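Use these hints to put chain B onto chain A, whose structure you have.
There are 2 protein chains.
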Amino acid sequence: MHSIETNNSIVHFNQKVYNELNNYLKKTQPSKVFILTDTNTHHHCLPYFLTQIDYSDTLIEVMEMPYGESHKTLEICLGVWEALSEYLADRNSLMINLGGGVVTDLGGFVASTYLRGLSYINVPTSLLAMVDASVGGKTGIDLGHLKNHIGVINEGSMVLIDAHYLKTLPEREVISGYAEILKHGLISSLDYWETVKQINFDNFESLADIIHQSVKIKQSIVSEDINEAGLRKILNFGHTLGHAVESYFLNRDEDNALLHGEAIAIGMILESFLSHHTVSLSEDALYDISNVLISTYGKTSLPKAAQNEIVKLLIHDKKNSHGKIQFVLLQDIGQPILDQTVSDPLIYDAFDYYNSL
Amino acid sequence: MHSIETNNSIVHFNQKVYNELNNYLKKTQPSKVFILTDTNTHHHCLPYFLTQIDYSDTLIEVMEMPYGESHKTLEICLGVWEALSEYLADRNSLMINLGGGVVTDLGGFVASTYLRGLSYINVPTSLLAMVDASVGGKTGIDLGHLKNHIGVINEGSMVLIDAHYLKTLPEREVISGYAEILKHGLISSLDYWETVKQINFDNFESLADIIHQSVKIKQSIVSEDINEAGLRKILNFGHTLGHAVESYFLNRDEDNALLHGEAIAIGMILESFLSHHTVSLSEDALYDISNVLISTYGKTSLPKAAQNEIVKLLIHDKKNSHGKIQFVLLQDIGQPILDQTVSDPLIYDAFDYYNSL
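Protein chains in written order, with the numbering used here: chain A, 1 to 357; chain B, 1 to 357.
Calculated from the structure, these hints are not laboratory results. Being a predicted model, the structure only gives us computed values, none of them experimental. Think of the CB as a built atom: it goes at the ideal place given N, C-alpha and C, for glycine as much as any other residue. Misleading hints may appear alongside valid ones.
Sample of chain A residues with no beta-carbon within 12 Å of chain B, all distances over it, derived [as the list claims (entries may be wrong)]: (1) His-44; (2) Gly-68; (3) Glu-194; (4) Leu-259.
Here are the simulated lysine-lysine pairs, BS3-like style, with alpha carbons at most 30 Å apart [claimed, not checked]: (5) B:Lys-27 to A:Lys-319; (6) A:Lys-26 to B:Lys-319; (7) B:Lys-27 to A:Lys-324; (8) A:Lys-319 to B:Lys-216; (9) A:Lys-324 to B:Lys-26; (10) A:Lys-167 to A:Lys-216; (11) B:Lys-167 to B:Lys-216; (12) A:Lys-32 to B:Lys-319.
If we strip away everything but chain A, and leave its shape as in the complex, we get:
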């Protein structure tokens, strides 16, 4: 599998990642290496990671943050900044973010803002982080319950994708990450959608291959439009309503919140319904998408009261402009269209459609 390069960053895959990392350490001679983990990756991934890297010449400090979406906060950021300060990180220090999307998003933000920017490397350990969060330079934390509201766009020096970490992951986490792969199908081509909708998670080689293809799709979009002026917005398909659904459940009960991909799956069904009714997505395509997503993710109860709260949350979506909610919709599978507005009643119709499935 080939490495995928953009202007500022490079993604390496599987067998070669530790060689590449060791070469990088030898070449750049960081003054110290700070590895950010969470409670889970500290236990399940760090021991293996440390056997793979050659740090005879380098001082390593390991930092651990609590696991989970509800810890992607300014408070945790402050803790990591203070740890960097206490252990005397300087501008030649390197940060390695070893974990899922929360660790790579928060760690990337911390590194990008400490002393106005340290180098950092992402080592994603969840499927979601491998195919989405760790790639493309979006870093960020939540502002209260507003997802990723504070952050910067700054690609790390490298992303090292070793699919073997997926073996440490609970099945529910893998399935959650799969939602972003399905999204890559819907926004890129009918061919890729047909491939990914029949993925076999037991076939490790084919999964690793799909990860590679998905990263390639994401990187080719990002490298055209790193600052999300236009094209990059297509990666937000399913995310306008999906983020609002995710925020709603996170606000209500942190412990039983939906995983990111589970919320995005709901968002993709809702936004496919909007696509069918406002642009040209066919009824067959809508049913196909709905069937794949419902059979993978099941259904979540969304009564009227929940719908009202979710619609209220839409107003904070990052893609909004001049007070208008902007959707990415599908003209067909593989044919996204940007900056679409829809009426509020149609959004409620979409919820009714979802509930009727």
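For chain B alone, coordinates are given in the frame of chain A:
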């Protein structure tokens, strides 16, 4: 006076600034304009500013933060982020930072990180912010007592320098900003040093001209090296010890802390002493620099206990690498040299020299 342009940003001066701003507003049609002020600029500068801009088509929200260096904190950032969220800032919103260095540094950081980056414009109202802080894209806040430890480098869309705001400024603030102008002399040329050391603050036209020249010097350095990989470090002359002196007094007694320029003036004397003893700065030049600075800023008591604390603080300087403290020194007036290390005893000798003046 000509505008000064870099890759991403443009600085306008005096008469033309409000025209330029009004043209910018007409062209970009921001969804909302958020003006960040502090207690002082809200009172002394905002009323005039509002009479100059044409906002008939634009919604304006004014935000006010408390005045002073001790408020350049994460807590205030959070307050401004939350205000942006409450008043529904979106990616097409514009932030205008109307104030001294604290407002432009913190406001630039808030804008650069809100929704992963809003456009912003600096309108510096202090001499320090006009010739230094508001220009060149360094944004940041303090981490506890560590100055500017958290931030990003991101130039705003424009800097609008209207020297008339200086008339609202206490004399002590003007003199503080003058330290950065003196620094521009020391790092750029003997000619400019001779010009700026005899500045006449009562002659408004000549002061406006000096501001223009100083911004030109700073911008020409920054545009060669925005990320401070090399050349830009020369702007830190006087700042390695100066920042530590500033932090020391800020830690001790926030209300009687030194102003930034007052601390940097001490730093420039100390680092000129180091320059004389380790590189080729002549004794005459050292005396010339010391005389100008002492006659402008007077002397501050730095007993042994203070010296010890200040030396301890040096270890957190942002230019350090691999545990070594890196100084910018002067081979001669106008001839800075980067990445110099000196022995601890020589630093204590520099304090003795300062105390003997």
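Hints and how they fare:
Residue-level check passed: A:His-44 sits 30 Å from the nearest beta carbon of chain B, beyond 12 Å. Under the 12 Å C-beta cut-off, the non-interface status given to A:Gly-68 relative to chain B holds; the minimum distance is some 21 Å. For A:Glu-194, the non-interface assignment is confirmed: its Cβ lies about 33 Å from the closest Cβ of chain B, beyond the 12 Å cut-off. For A:Leu-259, the condition that its CB be more than 12 Å from all CB atoms of chain B holds, with the nearest at approximately 23 Å.
Proposed proximity of B:Lys-27 and A:Lys-319 is supported: the alpha carbons are some 20 Å apart, at most 30 Å. Pair hint A:Lys-26 plus B:Lys-319 holds up; C-alpha atoms about 22 Å apart against a cutoff of 30 Å. Between B:Lys-27 and A:Lys-324 the alpha-carbon distance is near 20 Å, which keeps this suggested pair within the 30 Å criterion. A threshold of 30 Å between alpha carbons decides the hint, and for A:Lys-319 with B:Lys-216 the separation of about 37 Å lies outside it, so the pair is violated.
Distance check on the hinted pair: A:Lys-324 and B:Lys-26 sit about 20 Å apart at the alpha-carbon level, within 30 Å; holds. In summary, the hint linking A:Lys-167 to A:Lys-216 is supported, as the alpha carbons are separated by about 22 Å, within the 30 Å threshold. At roughly 22 Å between alpha-carbon atoms, B:Lys-167 and B:Lys-216 fall within 30 Å of each other, so this suggested pair holds. Distance check on the hinted pair: A:Lys-32 and B:Lys-319 sit about 15 Å apart at the alpha-carbon level, within 30 Å; holds.
Of the hints listed earlier, the one the structure fails to meet is number 8.
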